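So the protein sequences, as listed, match chains X and L.
Here the first sequence stands for residues 1 to 113, where the numbers follow the working numbering.
Here the second sequence stands for residues 1 to 111, where the numbers follow the working numbering.
Please note: incorrect hints may appear among the correct ones.
[Claimed, not checked] Taking lysine-lysine pairs in the BS3-like style, the calculated list, with each CA pair at most 25 Å apart, reads:
hint: 1; chain 1: X; residue 1: K9; chain 2: X; residue 2: K71
hint: 2; chain 1: L; residue 1: K98; chain 2: X; residue 2: K57
hint: 3; chain 1: L; residue 1: K98; chain 2: X; residue 2: K71
hint: 4; chain 1: L; residue 1: K54; chain 2: L; residue 2: K98
hint: 5; chain 1: X; residue 1: K57; chain 2: X; residue 2: K71
hint: 6; chain 1: L; residue 1: K68; chain 2: L; residue 2: K98
These aren't lab readings, by the way, just hints derived from the structure by calculation.
Computed from a prediction, not measured in an experiment: that's the story for all the values here.
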Amino acid sequence: NAGVTQTPKFQVLKTGQSMTLQCAQDMNHNSMYWYRQDPGMGLRLIYYSASEGTTDKGEVPNGYNVSRLNKREFSLRLESAAPSQTSVYFCASSSGPYFSPLHFGNGTRLTVT
Amino acid sequence: KNEVEQSPQNLTAQEGEFITINCSYSVGISALHWLQQHPGGGIVSLFMLSSGKKKHGRLIATINIQEKHSSLHITASHPRDSAVYICAVIGVDQGAQKLVFGQGTRLTINP
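One chain only, chain X, in its complex shape (with noise of 0.2 Å):
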């Protein structure tokens, strides 16, 4: 059992160039998240979504898009990366959103140069 799956582990990206973030979970989990991870701060959650089909913004959206693929995939679009974006992103699921565990992926390093 895999649990969440994120890919890449590491990746280094200059200013301006784009790259999609996969994550796939294989627990039948409803809810899915972004979160990034800074120093000095706590986890940050970019986008979610409840359910398949709906995606919603969390607290810091700007200069991502999601798509949430099917009920196991969701994916994280960075369009045109910028230096304020290097961070560790990870994806995490749930059962439901009201009261249920979350389980995250092992992260992705990314260096935007």
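Given chain X's structure and the hints, the job is docking chain L onto it.
Same frame as chain X, now just chain L:
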């Protein structure tokens, strides 16, 4: 002021010591999560609680709703417990998309 404050920010102890990490929050909540982030970066959910106390192995989490405070205790600490411990809260009638995270407590257990 952050909605979720953890203390201490850093904690170093010797193997075998009893460890306490504290989490205070300023809003009414429906649930509180304790997470563990390994040195390699992966994050694991340890506990989710809305009242009382939960125990799993050597880890114990308690919450006092009236005082808006939770503690994570580790008994007989071991070097493999070295990690960052993160507290997160969900407001009343809000879903997990509204989780507010603390900045984490970095725990180092020396052999």
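Taking the hints in turn, this is what the structure says about them:
| no. | hint | verdict |
| --- | --- | --- |
| 1 | X:K9 - X:K71 | holds, 22 Å |
| 2 | L:K98 - X:K57 | holds, 11 Å |
| 3 | L:K98 - X:K71 | holds, 21 Å |
| 4 | L:K54 - L:K98 | holds, 23 Å |
| 5 | X:K57 - X:K71 | holds, 18 Å |
| 6 | L:K68 - L:K98 | holds, 17 Å |
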